[in-house]
Amino acid sequence: MKSYLLETAAGRTQIRVQEAGSGTPLLYLHSAGGLAESDPFVAALGQHFHVYAPSLPGYLDSEGADNLRTMLDFTLWGFDVMDALGIEQPVVVGHSMGGMIAAEMAALNPRAFKGLGLISAAGLWLDDYPMPDIFAKLPFELPELLFSDPVLGTQIISEGYDFGSNQDELVSFMTRFQDESFLQDFLIKNARRLGTAGKILFPIPERGLSERLYRATLPTVIVWGDADKLMPMPYAAAFQRLLPHAALVTIPGAAHMAPYEQTGAVLDALQRFH
Amino acid sequence: MKFTFFHLMAWPHLPDDFREQHHSVWVDVPNSLYDPARGHDVYHNYLDQLEYAEQCGFDALGVNEHHANAYGLMPSPNLMAATLTRRTSRAAIMVLGNSIALYNPAVRVAEEFAMLDVMSGGRFIGGFPVGTSMDTNYAYGTVPTETRERYAEAHELIIRAWTEREPFAFNGRYNKLRYVNIWPRPLQQPYPAIHIPGGGSIETYDFCIENTYSYSYLSYSGYLRGRDLMRGYWDQVASRAVDESPYRAGFAQVICVGETDAEAEKLYKQHIDYFYNRCLHVYPGFGEAPGYRTIKTLKRGAIPQLTPKGVKTLSQLSWKELLDQRYVICGSPETVRQQCEEMIQELRFGNLFCLMALGNMPDDKVRHSTRLFGEKVMPKLRHLWPDYAEDNRFWCRPIANRRHPDSELRGVA
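Just so you know, the protein sequences line up as chains R and L, in that order. Heads up: the first sequence is residues 1 to 274, going by my numbering. Heads up: the second sequence is residues 1 to 413, going by my numbering.
Heads up, some of the hints might be wrong.
What the hints assert, rightly or not - Listed next, with one range per pair, are the computed distances between beta-carbon atoms:
#	chain 1	residue 1	chain 2	residue 2	range
1	R	Val151	L	Asp364	54 to 60 Å
2	L	Val242	R	Arg215	55 to 61 Å
3	R	Ser38	L	Asn181	56 to 62 Å
4	L	Pro167	R	Arg111	44 to 50 Å
5	R	Ile87	L	Trp183	53 to 59 Å
6	R	Asp83	L	Tyr179	40 to 46 Å
7	L	Glu210	R	Ala10	33 to 39 Å
8	R	Ser38	L	Gln345	23 to 29 Å
9	L	Arg227	R	Val151	41 to 47 Å
10	R	Tyr214	L	Ile295	35 to 41 Å
11	R	Tyr129	L	Ser32	32 to 38 Å
To be verified - Partial chain L-side listing against chain R, Cβ under 7 Å, derived:
#	residue
12	Pro144
13	Val282
14	Gly285
15	Phe286
16	Ala289
17	Pro290
18	Gly291
19	Leu298
Stated by the list, open to error - In silico negatives: residues of chain R with every beta carbon more than 10 Å from chain L:
#	residue
20	Arg16
21	Arg192
22	Lys199
Think of the hints as simulated: they come from the structure by calculation, not from any bench. Computed from a predicted structure; not experimentally measured. Backbone N, C-alpha and C define an ideal beta-carbon position, used for all residues, glycine too.
Can you make the complete structure from the sequences, with help from the hints?
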């Protein structure tokens with residue numbers, strides 16, 4: 001896997017890109033939690049695709065957060081990245097917040113993509129299923145909400161995906177949220193990341209996508225964990241209803257962070273785009 | 001010294017097991033706990049107390065803005081200030097303040113503050129808080145990273161609306177107005193004194209210094225905890241080479257006065273306990289939305305109490321801790337005078353915001369404490385800054401010929 005800085009938007013900003021694999025190009029847009037410096041899911045995508053995974057401003061060392069305000073800015077940011085990378089007709093896949101941006105890009109210009117993959121995607125709001133407010137969660141409350149295995153989740157959130165080798169090691173990470181200097185560092189990174197995410201997700205992660213999805217006439221797969229506590233299954237059904245050509249793949253027992261907990265099942269669902 | 005009787009207007013009927021049964025006093029506290037019929041009495045008692053404070057010699061009557069908050073029942077402090085203009089005539093009326101980032105267009109604040117200034121005969125003092133994350137982001141939905149940009153734009157718009165005498169166009173990012181033209185305009189020229197509540201960011205220090213606004217630290221944690229922050233402010237004032245008038249700063253302090261130390265504890269302890277242990281039961285997840293504070297400030301700042309242990313112990317303070325750590329100044333007039341004097345000298349400020357009506361304190365006790373402070377404490381503190389007695393840049397400038405509440409005739413109180 002390669003990792004490099006890329007100038008985008010006609011030299012206006014620099015962003016971090018991770019690139020791996022070969023074959024069909026795939027643009028992967030990350031969730032509000034962001035990518036690890038050497039992200040295991042991006043690496044896994046690289047086994048089947050030529051994956052390009054840019055980090056949004058505020059994530060890792062990507063710059064340019066001041067230039068992103070509206071949903072349109074985020075959508076055009078995605079196209080700017082494609083232009084800077086020089087990739088044509090990629091599959092665009094997004095997880096959670098990244099799914100919201102991928103769906104917007106597909107709705108804006110469906111002919112630019114070979115296909116669309118939405119993994120537990122944000123962007124819709126269902127009054128009957130109000131999703132928990134991730135912006136008001138304390139760090140130690142997040143693993144339980146986002147992962148089916150909170151111990152693993154704590155480690156991923158706290159340690160940037162440095163997977164430990166045994167259960168005792170993982171449990172010890174749980175105590176890191178008691179440590180003040182660690183916590184301060186976490187809060188600063190969290191403020192940068194969620195500061196950016198908040199522009200399209202706060203206070204309600206809905207910016208009119210449902211009214212534009214009819215335009216996304218490309219082959220689409222929706223991938224969802226049936227144990228997602230943040231965005232439960234009715235959100236998957238709503239996407240399927242609104243998108244013209246979408247198949248739904250449900251992953252039994254998977255939570256919101258399915259790409260990191262059930263990587264194989266998520267990759268299987270994306271096989272159709274080879 | 002200038003003394004402001006500051007009312008938070010808490011809901012005094014939170015259940016005994018409030019902490020155990022409810023997630024937070026702010027943002028998601030269910031309003032089934034609010035009883036509007038009792039609320040009618042509560043509002044009038046509180047307004048009566050503010051009017052009584054004027055009789056006790058306080059220089060200003062202070063109100064503030066909160067939303068979805070069981071200890072702050074003033075989503076619109078301007079309404080409260082408006083009623084006070086009719087029933088008082090001497091004291092300044094201080095709205096500290098309106099969260100200007102929340103008003104769209106922000107000329108609404110320029111208009112309402114101008115109304116209050118005219119109605120009060122120039123007794124108005126305004127405040128422009130950035131607004132807490134609880135109010136601004138969680139209760140009113142402002143995107144956290146937009147908060148400060150909206151604030152800055154609103155500030156520019158309000159000042160221009162107050163000072164320009166011809167309609168003008170304002171092409172802001174958030175306020176797009178073809179015709180800015182406020183009627184009425186403020187009575188005080190060029191506009192009323194402004195106080196800015198701050199929480200320790202250098203940007204806010206500079207903002208106050210550049211605009212000749214008074215910097216106010218409004219916390220409930222007392223003056224020992226306020227020392228570092230105020231020192232930072234005065235260091236910044238010194239580095240900017242402006243005068244060091246104590247009226248450039250204000251500080252809020254919980255104060256309860258009894259005839260003796262023992263009487264004070266007996267009268268007020270349970271109500272202070274209600275305030276700290278029920279009213280300040282705020283879920284820490286609402287304390288600061290990510291992006292609300294700048295990264296620069298976060299890097300310097302102390303971290304909030306976000307650990308599971310911190311959440312558990314938050315606001316579980318004993319009476320002795322509250323007193324010893326000066327969260328609360330409570331005691332005989334002499335005890336209160338001595339501690340207030342120490343606080344005023346050490347922190348260096350000219351505006352004391354006295355928090356005397358707290359939590360579920362009944363009316364007679366509020367009046368007792370307020371009267372004792374006015375009679376026996378205030379006179380001994382009033383002349384602490386003789387060198388700056390003429391500095392009225394941070395205070396109101398009423399007109400002499402203004403209406404008196406008890407008379408239909410024009411008169412001066």
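Each hint, compared with the structure:
1. R:Val151 to L:Asp364: 54 to 60 Å: holds (56 Å)
2. L:Val242 to R:Arg215: 55 to 61 Å: holds (58 Å)
3. R:Ser38 to L:Asn181: 56 to 62 Å: For Asn181 of chain L against Ser38 of chain R, whose Cβ atoms are near 58 Å apart, the range 56 to 62 Å holds.
4. L:Pro167 to R:Arg111: 44 to 50 Å: holds (48 Å)
5. R:Ile87 to L:Trp183: 53 to 59 Å: holds (58 Å)
6. R:Asp83 to L:Tyr179: 40 to 46 Å: holds (41 Å)
7. L:Glu210 to R:Ala10: 33 to 39 Å: Given about 35 Å between the Cβ atoms, the range holds.
8. R:Ser38 to L:Gln345: 23 to 29 Å: At roughly 57 Å between Cβ atoms, Gln345 of chain L and Ser38 of chain R fall outside 23 to 29 Å, so the hint is violated.
9. L:Arg227 to R:Val151: 41 to 47 Å: holds (42 Å)
10. R:Tyr214 to L:Ile295: 35 to 41 Å: At 39 Å between Cβs, range holds.
11. R:Tyr129 to L:Ser32: 32 to 38 Å: violated (23 Å)
12. Pro144: holds (5 Å)
13. Val282: violated (11 Å)
14. Gly285: holds (4 Å)
15. Phe286: holds (6 Å)
16. Ala289: holds (5 Å)
17. Pro290: Given a least distance of 3 Å, the restraint on Pro290 of chain L holds.
18. Gly291: holds (3 Å)
19. Leu298: holds (5 Å)
20. Arg16: holds (17 Å)
21. Arg192: violated (6 Å)
22. Lys199: violated (6 Å)
This entry does not satisfy hints 8, 11, 13, 21 and 22, going by the numbered hints stated previously.
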